[in-house]
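Q: The residues making up each chain are set out below.
There are 2 protein chains.
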Amino acid sequence: MSLSDNILLDEHQDHRTLPQIRKQETRARLLDAAQKVFALCGFDAASVSLIAAEAGLSKGALYVHFDSKEALFREILLGYVQRRSAATAARLGPDVPLRNAIVQIIEGAWTIHQDGTSCTLLSTEFFALAGRSAWGREAMASIFDHCSLALIGFLDAAKERGEVRPDIDSATAARLMLALHDGLVLQWQTQPDDIDPKAYIAPMSEMIIAYISVRNTAP
Amino acid sequence: MSLSDNILLDEHQDHRTLPQIRKQETRARLLDAAQKVFALCGFDAASVSLIAAEAGLSKGALYVHFDSKEALFREILLGYVQRRSAATAARLGPDVPLRNAIVQIIEGAWTIHQDGTSCTLLSTEFFALAGRSAWGREAMASIFDHCSLALIGFLDAAKERGEVRPDIDSATAARLMLALHDGLVLQWQTQPDDIDPKAYIAPMSEMIIAYISVRNTAP
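Chains as they are written, first to last, in the numbering used here: chain A, 2 to 220; chain B, 2 to 220.
Rather than coming from a laboratory, the hints here were simulated on the basis of the structure. Hints should not be assumed to be uniformly reliable.
The list cannot tell twin chains apart, which means a pair is met if one copy fits it or any two copies do.
For lysine-lysine, the following DSSO-like pairs were computed, each having C-alpha atoms within a straight-line distance of at most 30 Å [claimed, not checked]: (1) K70 <-> K37; (2) K37 <-> K24; (3) K199 <-> K160; (4) K60 <-> K160.
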C-alpha cells in the first residue's frame, strides 16, 4: 500500500491520492483516539486494544500505522509542539519589536494549552514517563531541542538587531524561557481555579524582557 | 500502642519513649522503602505489598502507620519540601543582600535535587498524578502553597527593605520563581548529560533579579 502511494505521489506531486487520504485519515483517527485514551487512563493503563477500539479499528489495523503505544504518544506530543512552533513563527518577523514578540511567543504557547486540556494532561504524563523510560527521555529531549532551536534562532536574530543584550547566552535564555512555561503549565494544571493563564502572560513576558533586553542596565 | 505512646509522652515531654522511637523508626523505614519502590516502578505499579516487603514488614504493619500508598507518597514529597524550605530559611536573614539571597534560594533547591535522584523522579511522577487524581492535585497544591508562602514572605520583607520594586506582586513573582525551578528540574531530568544544574544557578538568579530588583529601570 505504501509502495503504490509512493508511485502515485510521484505522478501527482501536488495532490494526495485516495489511498493516501484514507491512510492519513486513519492515522488522524488513531491519534485522536490515543489522545483520548491516554488523557483518560494515563499512559500505563492505556493499551493498544483500547486505543484501536476507541478508533473503531482492529489492533492489526492500528499496527499498520504505528509500531507501539509509545510511537503514538511521541507522535501526539511532537505534532502538538510542531503546530505550536509553526503558528508562533508565522506571527513573528524582524519588524515585530522585542516586547511584542515575547508576548506573542508566550500567548501562542498558552493558547494551545487552553484549546484542550488533554494536551496539558499528556505533557505532564510525559514528564513522568521521561523520568522512567529511555524512549520517553529521548522523545522529550527531541521536543525540547525542537523548541530550543526555534527560540535560539529568534534570540540570535534579536541580538543581531541590537534588541537583546550581547552577553546573554541564547541557549541558556531559551532553556529558562521553556522552563518558565513548563513550570507554570504544571501549576495551572494543579490549581486550575487559582491560576488564570492569561493573567501570567504579562508578568512572564516582563521577567524574560527584564533579563534579555538591552534596555536594562547590567547590575 | 499509640495510646501508651501518648501517656508516656505526657510524662516525659522532652524525651521520646522506646515505643515512640520504634514507631518513628518504622515510619522512616516505610517511607524509605516507599521512595525506592515509587522511583523504581512508578506510582501506578507500586503496591502496598511491594513497599511492605521492601521495608521487611507485613502489609498489616504498614497499615498501622499509613492509610494508603497515596498517604505514603504525599508524606515523602511534603517531607522533602519542608526540609528544603527549612534549610533555605535558616540561611537567609535581613542582612543578606537580595542577590545573595536569591542565589542561596536557588542553590538550596538544586542541592537537594542533587542529593538523590529519587526526589526528582518522585516530583515528576507527582506532576502526572496531579493531572489525573483529585488527591494528587490537592497534595501538590498544598506543596505549592507551602513554597509560595515562604517566597512571598521573603519578597515582602525585601520590598520593605527597598530591595524589590514596589510594583512587583509578590504572589506572582513567587509563582514565576517556582515555575522556573520546576521547569528546569524537568529539563535536567530529561537531558541529564546536557544540563549541569550548577551552571544554571547564576542565569536563573540573574533572570529573577532582573525582574524584581529596584536596580532595574522600568521599561
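Q: With reference to the structure, classify each hint as holding or not holding.
A: To see whether the hints hold, each was checked on the structure:
1. K70 <-> K37: So K70 and K37 pass the 30 Å test inside a copy (13 Å) and across (27 Å) alike.
2. K37 <-> K24: Within one copy only: 20 Å inside a chain, 45 Å across chains, cut-off 30 Å.
3. K199 <-> K160: Intra 28 Å, inter 26 Å, cutoff 30 Å: intra and inter.
4. K60 <-> K160: neither (51 Å within a copy, 61 Å between copies)
Hint check: a violation occurs at hint 4 only; the rest are consistent with the structure.
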